[in-house]
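> The chain contents come next:
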Amino acid sequence: MAVVNYLTIPKHIFDEMIAHCKEAYPNEACGILAGKGNEVSKVYKMSNIEKSSVSYFMDSKEQFKVMKDMRENNLSMSAIFHSHPSSPAYPSAKDVSLAFYDDCVYVIVSLMEQEPVVKGFLIREGAIKEVRISVK
Amino acid sequence: MAVKVKIPTPLQRLTQGKEEVDGAPGTIINLVTELDKKFPGIAERISEGGKVRRFVNVYVNEEDIRFLQAEATVVKDGDEVSIVPAIAGGENAYSVKRYSEKRNILTL
Ligand SMILES: [Zn+2]
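Each protein sequence line maps, in turn, to chains A and B. Using this note's numbering, the first residue of the first sequence is number 232, and each one after it goes up by one. Using this note's numbering, the first residue of the second sequence is number 11, and each one after it goes up by one.
Next up, chain A with everything else stripped away, as it sits in the complex (with noise of 0.2 angstroms):
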């Protein structure tokens, strides 16, 4: 397993992502972030069938889909983002517990504040270590 300690977001993959986000608000939003390893270049939107701006449960459907869509042109998922509407961007007990994908970095956005606040995390056995993001 590759050693991840940073992610490089494209500018306008990166606003897209916020504006997915702003846009689910007051809800939670979620989606994933493709790739070759650390380097993004491909965002997919995806849906919250929890509807709630307290958790997040990506569409099975949808998710099935990306993961074929991935594997098709050949990216790997570098990271899952998920926004929190009043928290700050840090992994919550509950993101910590289901963060089954350890070799992905988990982007959280932040809109508690006027300007969304972006962190990257990799959440391994329970140990959280933020990762730089580098917008590009």
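One thing to keep in mind: the hints can contain errors.
Unchecked claim - Just the calculated beta-carbon pair ranges, DEER-fashion:
#1 A:344 with B:86: 53 to 63 angstroms
#2 A:272 with B:84: 39 to 49 angstroms
#3 B:25 with A:267: 41 to 51 angstroms
#4 A:280 with B:19: 17 to 27 angstroms
#5 B:37 with A:242: 20 to 30 angstroms
As the list claims (entries may be wrong) - Computed cross-link-like contacts, DSSO-like style, restricted to lysine-lysine with a CA-CA straight-line distance of at most 27 angstroms:
#6 A:299 with B:86
#7 A:360 with B:86
#8 B:86 with A:292
#9 A:325 with B:61
#10 B:16 with A:267
#11 B:47 with A:296
#12 B:28 with B:86
#13 A:296 with B:14
#14 A:367 with A:276
#15 A:367 with A:325
#16 A:253 with A:292
#17 B:16 with A:273
#18 B:16 with A:296
#19 A:267 with A:299
#20 B:86 with A:282
#21 B:86 with A:242
#22 B:61 with B:86
#23 B:61 with A:296
#24 A:299 with B:16
#25 A:292 with B:14
#26 A:282 with B:61
#27 A:242 with A:296
#28 A:267 with B:28
#29 B:61 with A:299
In short, the hints are calculated from the structure, not lab data. Backbone N, C-alpha and C define an ideal beta-carbon position, used for all residues, glycine too.
Since chain A is already given, all that's left is putting chain B with the ligand on it; use the hints.
Chain B with the ligand in isolation, oriented as in the chain A frame:
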């Protein structure tokens, strides 16, 4: 020919690194139980008390079993079953508090 079962990365250490294994025809819950005989520990990761865990998605030929007959969905030779961890989470103030309380208990 058997049922093809796709194993997600987090569970591949229970299948000796295999991404795809053979499964038994019958209901999904039977397939999971049978799988556990070859790969001990896998059933407990996928199901609990005869039900597929809430945060595990199981697909038969690309259809989520929640939209079929759930655990009672029947698969036959040649079908493809995919086991995929759900992508979920949330900011639950109550559980965060409980979690830290639990941690306090553990560190005392
Ligand atoms: Zn969260």
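> Please verify whether residue 28 of chain B and residue 86 of chain B have alpha carbons no more than 27 angstroms apart.
21 angstroms, holds
> Holds or violated: residue 299 of chain A with residue 16 of chain B, Cα cutoff 27 angstroms?
Cα-Cα ~13 angstroms, so holds.
> Taking only the CA atoms, is the gap from residue 299 of chain A to residue 86 of chain B under or equal to 27 angstroms?
22 angstroms, holds
> Quickly compare the C-alpha distance for residue 267 of chain A and residue 299 of chain A to 27 angstroms and report which way the hint goes.
This hinted pair holds, its Cα atoms lying about 15 angstroms apart.
> Do the Cβ positions of residue 25 of chain B and residue 267 of chain A conform to the proposed distance bound of 41 to 51 angstroms?
Given range 41 to 51 angstroms: violated, Cβ gap about 26 angstroms.
> Regarding residue 344 of chain A and residue 86 of chain B, is the given constraint of 53 to 63 angstroms on their beta-carbon distance met?
54 angstroms, holds
> Starting from residue 86 of chain B, check that the Cα of residue 242 of chain A is at most 27 angstroms away, please.
Outside the cut-off at roughly 47 angstroms; violated.
> Hint check: residue 242 of chain A vs residue 296 of chain A, CA-CA at most 27 angstroms. Holds or violated?
25 angstroms, holds
> Taking 27 angstroms as the top limit, are the C-alpha atoms of residue 86 of chain B and residue 282 of chain A close enough?
Violated: residue 86 of chain B and residue 282 of chain A sit about 36 angstroms apart, past 27 angstroms.
> Within 20 to 30 angstroms: is that where the Cβ-Cβ distance between residue 37 of chain B and residue 242 of chain A falls?
49 angstroms, violated
> Need the status of pair residue 325 of chain A, residue 61 of chain B: alpha-carbon distance at most 27 angstroms?
Since the Cα atoms of residue 325 of chain A and residue 61 of chain B sit roughly 21 angstroms apart, the hinted pair holds (cutoff 27 angstroms).
> Hint check: residue 367 of chain A vs residue 325 of chain A, CA-CA at most 27 angstroms. Holds or violated?
Violated, at about 31 angstroms.
Consistency with the previously given hints fails for numbers 3, 5, 7, 11, 15, 20 and 21, ordered from lowest to highest.
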